[in-house]
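Participant: Let the hints inform the model, and build the full structure from the sequences given.
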Amino acid sequence: MARIIMADDDEIVGELARDALIGAGHAVGVLDNGADALKVIRARRPDLVILDCNMPEISGLLVLRQMRDSVDLCDTPVLILTGRQSTRDSEIAFFEGASDYMTKPFDPDELVFRVNELLARRARGAASQS
Numbered sequence: 326m327a328r329i330i331m332a333d334d335d336e337i338v339g340e341l342a343r344d345a346l347i348g349a350g351h352a353v354g355v356l357d358n359g360a361d362a363l364k365v366i367r368a369r370r371p372d373l374v375i376l377d378c379n380m381p382e383i384s385g386l387l388v389l390r391q392m393r394d395s396v397d398l399c400d401t402p403v404l405i406l407t408g409r410q411s412t413r414d415s416e417i418a419f420f421e422g423a424s425d426y427m428t429k430p431f432d433p434d435e436l437v438f439r440v441n442e443l444l445a446r447r448a449r450g451a452a453s454q455s
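Numbering (this note's numbering), first residue to last: 326 to 455.
Note that these hints are calculated values from the structure, not bench results. Here a beta-carbon is modelled for each residue, glycine too, at the ideal position from N, C-alpha and C. Among these hints, one or two may not hold up.
To be verified - Using C-beta positions, here's what the derived DEER-type ranges look like:
no.: 1; residue 1: Ile337; residue 2: Val396; range: 15 to 23 Å
no.: 2; residue 1: Arg390; residue 2: Gln410; range: 30 to 38 Å
no.: 3; residue 1: Thr412; residue 2: Glu442; range: 31 to 39 Å
no.: 4; residue 1: Arg328; residue 2: Thr412; range: 17 to 25 Å
Said to hold, decoys possible - Derived EDC-like pairs (lysine to aspartate or glutamate); straight-line CA-CA distance at most 16 Å:
no.: 5; residue 1: Lys364; residue 2: Glu340
no.: 6; residue 1: Lys429; residue 2: Asp414
no.: 7; residue 1: Lys429; residue 2: Glu336
no.: 8; residue 1: Lys364; residue 2: Asp344
no.: 9; residue 1: Lys429; residue 2: Asp361
no.: 10; residue 1: Lys429; residue 2: Asp335
no.: 11; residue 1: Lys429; residue 2: Glu340
no.: 12; residue 1: Lys364; residue 2: Asp397
Facilitator: Take a look at the structure:
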């Protein structure tokens with residue numbers, strides 16, 4: 326079971342993602358803005374973060390940038406889940422340090438698959454450093 330923080334101001338998207346990930350055995354906290362998400366992420370480092378690009382207070386990309394600038398959070402996997410569908414938007418997200426990028430609307434099963442892949446990749450990296 327992984328601890329996941331999700332930040333998305335769309336309540337329906339948050340519920341759909343949360344339900345799918347809980348069904349897969351993960352613990353998920355959903356917040357509706359970037360500022361609160363960053364506070365929670367800093368207070369207790371999650372195993373993975375899911376961010377929407379467009380959120381109140383602090384955008385998902387700015388949350389991502391602050392995580393990548395933090396020694397404690399720089400290697401936390403971050404999946405961007407957004408309505409932005411252009412190639413340029415995904416390029417910017419990967420440039421900022423996103424681990425993966427999905428567009429809305431999304432398939433909950435694909436979200437679970439990608440989250441599990443990111444968690445497995447992180448576990449393999451941690452095992453190779455031991």
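Participant: Can the restraint linking Lys429 and Asp335 be considered satisfied, given a maximum Cα separation of 16 Å?
Facilitator: Holds. Lys429 to Asp335 sits at ~11 Å (cutoff 16 Å).
Participant: Please verify whether Lys429 and Asp361 have alpha carbons no more than 16 Å apart.
Facilitator: violated, 22 Å
Participant: Decide if the proposed pair is consistent with the structure: Lys364 and Glu340, CA atoms, cutoff 16 Å inclusive.
Facilitator: Measuring from Cα to Cα gives roughly 21 Å; hence the hint is violated.
Participant: Does the structure keep Lys429 and Glu336 at a Cα separation of 16 Å or less?
Facilitator: Holds: Lys429 and Glu336 sit about 13 Å apart, inside 16 Å.
Participant: Hint check: Lys364 vs Asp397, CA-CA at most 16 Å. Holds or violated?
Facilitator: holds, 13 Å
Participant: 31 to 39 Å was suggested as the range; check whether the CB atoms of Thr412 and Glu442 agree with it.
Facilitator: violated, 22 Å
Participant: Holds or violated: Lys429 with Glu340, Cα cutoff 16 Å?
Facilitator: Holds. Lys429 to Glu340 sits at ~14 Å (cutoff 16 Å).
Participant: Holds or violated: Lys364 and Asp344, Cα atoms, limit 16 Å.
Facilitator: Given pair Lys364, Asp344 is violated - Cα atoms ~23 Å apart, limit 16 Å.
Participant: Please check whether Ile337 and Val396 have a Cβ separation lying inside 15 to 23 Å.
Facilitator: The hint (15 to 23 Å, Cβ to Cβ) is violated, given that Ile337 and Val396 are roughly 36 Å apart.
Participant: Starting from the hint 30 to 38 Å, judge whether the C-beta atoms of Arg390 and Gln410 obey it.
Facilitator: violated, 21 Å
Participant: Go ahead and decide if the range 17 to 25 Å is satisfied by the Cβ distance of Arg328 to Thr412.
Facilitator: With a Cβ separation near 32 Å, Arg328 and Thr412 fall outside 17 to 25 Å, so the hint is violated.
Participant: When you check the alpha-carbon spacing of Lys429 and Asp414, does it fall within 16 Å?
Facilitator: It holds: about 13 Å lies between the C-alpha atoms, which stays within 16 Å.
Hint compliance for this structure: hints 1, 2, 3, 4, 5, 8, 9 are not met, and every other hint is.
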